[in-house]
Every structure is written in structure tokens, then in C-alpha cells.
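Asker: Place chain B on chain A using the hints.
Protein chains: 2
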Amino acid sequence: MIVELINTGSELMLGRVLNTHQQWLCRQLADLGYVVTRQVAVSDTGSEIEQAVREALARADLVITTGGLGPTSDDLTRDLVAQLLGKQLREDAAVLAHISHFFESRRRAVPERTKVQALVPDRATVLHNPHGTAPGLAMEVRPNPFRADGKPSWLIMLPGPPRELRPMFTDSVAPLLQRVLPLASGFVCRTLRTTGIGESVAQEKIGGPLQRWVEAGLDLGYCARPGQVDVRLAAHGGDAERQVREAETIVRELLGPYIYGVEDEDLEAVIVRLLTERKATLALAESCTGGCIANRVTNVPGASAVLLAGMVTYSNAAKQKLLGVHAETLDRHGAVSKPVAREMAEGARQQTQADYALSVTGIAGPSGGTPGKPVGTVFIGLAEPSGTLVELQFNPYDRETFKQVTTQQALELLRRTIL
Amino acid sequence: MIVELINTGSELMLGRVLNTHQQWLCRQLADLGYVVTRQVAVSDTGSEIEQAVREALARADLVITTGGLGPTSDDLTRDLVAQLLGKQLREDAAVLAHISHFFESRRRAVPERTKVQALVPDRATVLHNPHGTAPGLAMEVRPNPFRADGKPSWLIMLPGPPRELRPMFTDSVAPLLQRVLPLASGFVCRTLRTTGIGESVAQEKIGGPLQRWVEAGLDLGYCARPGQVDVRLAAHGGDAERQVREAETIVRELLGPYIYGVEDEDLEAVIVRLLTERKATLALAESCTGGCIANRVTNVPGASAVLLAGMVTYSNAAKQKLLGVHAETLDRHGAVSKPVAREMAEGARQQTQADYALSVTGIAGPSGGTPGKPVGTVFIGLAEPSGTLVELQFNPYDRETFKQVTTQQALELLRRTIL
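So the sequence lines, in the order shown, correspond to chains A and B.
My numbering puts the first residue of the first sequence at 838, with every later residue one more than the last.
My numbering puts the first residue of the second sequence at 838, with every later residue one more than the last.
Hints are supplied without guarantee of correctness; some may be wrong.
If chains are identical, the list can't say which one is meant, so a pair holds when it fits in one copy or spans any two.
Claimed, not checked - Straight-line C-alpha distance at most 30 Å; calculated BS3-like pairs for lysine-lysine:
(1) Lys1158 with Lys1175
(2) Lys952 with Lys1210
(3) Lys924 with Lys1175
(4) Lys1158 with Lys988
(5) Lys1175 with Lys1042
(6) Lys1175 with Lys988
(7) Lys988 with Lys924
Everything labelled a hint here was simulated from the structure, so no lab data went into it.
Okay, chain A solo, but in the shape it has when bound (with noise of 0.2 Å):
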């Protein structure tokens, strides 16, 4: 099975997006069993997408183009593949009416010109975008005059806003392709989530063990990323299943302790699971990480129900105001500290009543570090029920991946209390 993707977008080929639509479609499509064997991008000029889409019919038995069918001047493709394929436009009542609504419902004037959302070529399906207005479509080119053998090709048209892309791709194209398109042999594929284990680690430890089940064929790999290391088997035919159930049995004796979850799942959405089954609540005390674990922890639906409070608390005064840290505390050891992150912690449980408290206080940078407590200090503190407990990482990397590795730690830190 020949697969290609097509990016449009002038704003990819002047560098000012990244573009994160080929990883993720790549990851989803590899993960239902259909490897993407090129990826091309291209800017929003007629004749580069025309060209592009031809050349990928040419070749590929499905071909994914993202992009180009908004209301404005530069988003082409639609009416490009059209022509191509020479199919007239309709109006879709159906999309019309669902654009009119969207604006409606926000209590927005329809613009005339999103109107031409609702054009979609003769005999497309329409891929509904409940987080949009613009449409996918998915078309088979049969017969494809641009392939030497005839043979047909499938094309289907994602919109380029990645929260319509993701649902569209998961609810409308997945089911489509294992329909229009099936994979001739079984196909299994299972992710593990790790964290606290570096990737050559990893692989030290489960490389050779696994080594006579990646010579019969199954796919093993790493996905390495701040904080977290995703461990990936993946197996084609009839055996399929029970090489990979044998694979992960091996893992889970390997890297047990570290695996946190499997597939897409979240630490912060396993935290919530958690403390929703123990009907326990949490409360959060932040400094360097400045709300990043609140706001991961918000990210997951139902975190209401364990979250009570997080404070963010960048300044030495905030600290004693809003968690009863003592300016003594403050002065002795200074703001990131042990006892400073244990005071956060507990302050923060006792302010709130909530049965946890997680805290950070450290060192994110660029500046403020010192030879003693050089950037990239961080103490993490768990207040529980029985305790509290704090711990010392060192994470010397640029402020953003800082936050992520460091909220991921804290996070595990509970984890690894409550299981």
C-alpha cells in the first residue's frame, strides 16, 4: 500500500509554522497499519499543488492533502482538485446549513465568503467538521488517468486547523480507510508510556531480550520526549496479536515501574483517574513551573471533581501569604529549598483539605542560577496523609522543556503515592 501526504501552506515553506500535521497523521495512520511512504509540502500557489497532487495520484493508493479548504483567497485546493479531476462543484445543503449554524450559535453574522465552504466536487463525501466549517472530503479516483496502470487511488481532503484535522482524522477518515482501504493481514500495534527512564536506557534494558521476536518481524520502537519515552511494538500478519501480547508481557517485566500508561493516555489524565477512583482531592503549589501542572491536570474532562486549588506562587510574598510559608524558612535556605518545598506542600494541603499537595519550587532560567543552585534546581514536594516527602531533581534544559520534564516528575512522584 503506497501512502502519500501533501501539506499546503506558504506559512510551512517560509518556516513560520511547524508542521505538526505530518507527524501526527504519520503517527496515526502508522499506528492503524498504514505507513506513509512521502510526505510533500508545498506553498498555496495553483500550480504547485496541482502538481503535487498529480504526482502523488501517479504513484499512491491513498493520498491525504491537509489544508486549503477555508474561505479565503489563498486556500485552493478544493477547487484545484476539482478541476484536476475534472468534477463540477454543488452546494452541500447539509455543509450550508452547518456553516450557518456555527455562526449562528456564537451569535455571529454568517460571512458571504465562508459560503464557498459549502462547495464540495460531485460525488465526494463530505467528512463532517463539528469543531469547524470547512468540510473534509474523501473522493476514489476511479479511473485514475494519472497512474500508468489505471488503478485507482483514494484522496481525501483534511481541513489545516489541527482541532478539526485530529477529530476529523479519528472519527470520519479511520473508520473510511479500514473500510475502502483494508489491510490485506492482520495488523496490531500497542504503545507503552514510560517516565523516569532515559531512551538508551530503555533500550539497554528490553533491545536484547526482544531480540528474537524483532528477528520474526515485529516492529520495535522508541519515541523519546521531555520527560516521557514511549515504547512501541507493532506487528504485521497472522500472528500479529500474540507477538505483541508476548512483546509487552517482557516489557511490562522490564520497565514495570516506569510504564505509566498505554496508547494516547496522558500522566495527567491517569491522575485524574486515580484520584477520581480513591475519591481523593488534590491541591498544587507552583513556583518555577508557573501553573503548568494546574494546567495539565485542567486539560483532562472531570478534573473538577479532585482538583480544589492550585496557587501559583512566584513571589517570596505570595509564598507566605497564600501558603503560610515563614519568612525565616525563606531567609535560612532561601526559595528554592527543601524546606521551602515542604512548607509549600503542606501549606497548600491545609489551606484547601485536600488529601494530597504537590509542590515545585527550582530554578527554570535562563537566569538566577548560582554555583550552589545552578539553573535547572528543583525540589518537589508531596504532602499526603502519612507525610510529606520531597525530592531533589536536576533538569538543565531551556524553559519550556524545563516545565514539561518538571510537572511530569511531580506528577510521577504521585503517581507512584497513590497507585
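Answerer: The following block gives chain B in isolation, referenced to the frame of chain A:
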């Protein structure tokens, strides 16, 4: 000038890593006036890489590849290109000495396999790699057998690791390009960042008035993200600077109040800059945004000079205890109401003695909505020296987009107030 970029790596096609080379190189090249026409990613497979290089050489004046120059079995680019162009590989004594020195200075033995990196195609220019062992390679393909008109192309091969590629581009590739492929004319690009206005409304306002500049060659582009629309103005030629300057004047006249920054500046960075200039301080009281405003503000280096504290008051008890919201106000109006937003902002200002305090209370969803206050309803309060204002907004999006758009509206309310 036709410029193409080829990124090689199976991990890209499986979606295991983000292709940061695309943005970084496209950006660097665009700022030098070389706009990338097409970017292609393929796996580390000989036939895929060869086809991509062959096709690019058939079209482009400049082809840049990334990856495939290392010592392992999946590093194929160097050998494939030499073969494709019919060039012998010769061992470069200087590169070999560099590799030996690289390992010796780290007190490690030179792995036999790394010496393959000293092989360079005949007559290629070697680009020194102070941060690794694989040199970059540059060569003029002249005559060019792949191009119908035989026009020569430049082919530049860069190593994959970003910390090797980036300094090599800046130190070696940029000067080389300016020498061997000088631009016939100038290139100017300007991005204006707006918030509070939709993409189609922005276009309705500026599309017509800019029409004659577009006809004269101005490249006008839009890039929409949650709560933000970027307007990009670019032009080539001797008159580029004047064209872009005049277009910017028109855009500023028509969209003035919506423009919060230029180029890569984020709204939170503008806020930290403005507050720092005014020696003013800020406090935050967040309910439904759950620390997202605090997290964004503290992503900005120097935020500690302006942000005194943030309170994430998810529960009613926390709103009362930490912010002094009255039980009676909560009972009478509900937590999502104008009076509660007002008391939250005023409470945060009073508690922290900050000059400004922002508050947010609303329903992020997916559950919790009522007919009178559907999911997406949000009140944003701002307490400032001369009084308190509260804005009602309606953001019926998924949870994370809701947070992004709402924090953007809150920061924008503050920006317009302190301007």
C-alpha cells in the same frame, strides 16, 4: 530560484519525531531570500532517497538534503548521491583527522565504522562539522543530466542532528549560497499578529484595499490559530521593501486595534514587556482556564518581575477562601457569573496588592452546561487601579481550544487596558 528540501528518516514517516528541520531551514532560507518551493520527506530506503534526489535535481536550482550522513547501516545518502552522479568516493585526510581528534578529545576509541564518514564524493566541498563527526557536503551538478535544459543545480547535504545541522548552515551554507547563488533581487517578509478578529473578517477588511498590491506581486497570506490570525506580507524585487511597508500601513489602518505584535512575538510576551516597561504587577484568578494563563505568562523569561501570584480556584470553597468571593454571591448568581468574576478579580488584586488582576470563570465542557449557560460561556474580569470591568464571551470549542481562546481574550483585555 527554485529551492527544494529533502528530509530523510524512517522515524519521520512513522510519526515518531517532529520534523523541526523543515521549519528551521525554511525560515533561515526565507530570511535570506531563498524561499523553499517544495519539501519532501522519505524513509531511509535507498530507492526512496534516490528518487527524491533525482526528481529534485530535475527541477531545482538548489537542493538541500538532511540526514543519512552518519556511520550506521541506515545512513545511505552519501553513497547514493555519489553513485547517482557517477562520482568516486575518496577519503578526505582532514575529515579523518577531525574524526580521530573528536573521539580522542573525549577519551574514547575511534569506532571503525565512523571512518566511513571521511569518504567524500570527488570534487565535493566539505562543510566542517565542529559538533559531530559527519561533515556536510556541497557540490555543483554541472552538467546536470536530470534537468531537461541541462541547467546546473547545487546539491547540499547536511547531517541530521539539529545541533550539528544548525551551526553548519549558519557558518558554512549561508555564506556559500550568497557566493554561488546570489539573488537577483531583494526579498522582504513581514508578519502582523492579530487577535479578536476571525480570518474571514480580516480578509473582508483588507483583501479589497490590498488588491492592487497583490496584483503588483505582493504575497498576502493568512494563518489562523485558536484566538489568533497572522497576516503575512511578502515581496520580491528591488521594490519589495516599499511594497511591504505600504501594505503594512494599510493593514495597520484597517486592523490596528487587533494587531498585538509582529513576527514571532506571542501575546504573553507582549504582556510581560508592557507590564515591565510600566513597572506594574499582575495577579491571576483562574477557574475554568485552570492555570493556562499563568502557564503562558510564566513561559516568558522575566515573568517573575511582573507576576506576583496566580490562583486556580476550581472549587467554590477555594474561591471564597483564597479570593474572598462571598458565599451569597455564589449562591445567588452561580460560580459562572459576572458578579463572581468581579469579586474574583478584586479579591486577587487585594490579596496580592498587584496593580492588575485578571479573573476567568466559565464552563469549559464537555459537561456542566445548562440552557441558560451553555458550554463555552465565560466571564473575564479585570480589576485595575481605576475600577473593574467584566466581559462576557462565548467559546463553544473543545476543552483545550476553549482554554487557549479564553486565555487569549483575557490577555488581550489586559493589553488594551494597559496600552
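Asker: Hints first: check each against the structure and report whether it holds.
Answerer: Status of the hints after comparison with the structure:
1. With identical chains, the CA atoms of Lys1158 and Lys1175 are at most 30 Å apart both within one copy (19 Å) and between copies (27 Å).
2. Taking the shortest alpha-carbon separations for Lys952 and Lys1210, only the inter-copy value of 29 Å comes in at or below 30 Å, while the best intra-copy value is 59 Å.
3. Proximity of Lys924 and Lys1175 under a CA criterion of 30 Å is satisfied in neither setting, with 69 Å inside one chain copy and 52 Å between copies.
4. In this homomeric assembly, Lys1158 and Lys988 never come within 30 Å of each other (Cα to Cα): the closest approach is 71 Å inside a single copy and 69 Å across copies.
5. Taking identical chains as interchangeable, the C-alpha atoms of Lys1175 and Lys1042 are never at most 30 Å apart, the minima being 32 Å within one chain and 56 Å between chains.
6. For the identical chains of this complex, Lys1175 and Lys988 are neighbours neither inside a copy (67 Å) nor across copies (62 Å), given an alpha-carbon limit of 30 Å.
7. For the homomeric pair Lys988 and Lys924, the shortest alpha-carbon distance inside one copy (19 Å) is at most 30 Å, but the shortest distance between copies (37 Å) is not.
Consistency with the previously given hints fails for numbers 3, 4, 5 and 6, ordered from lowest to highest.
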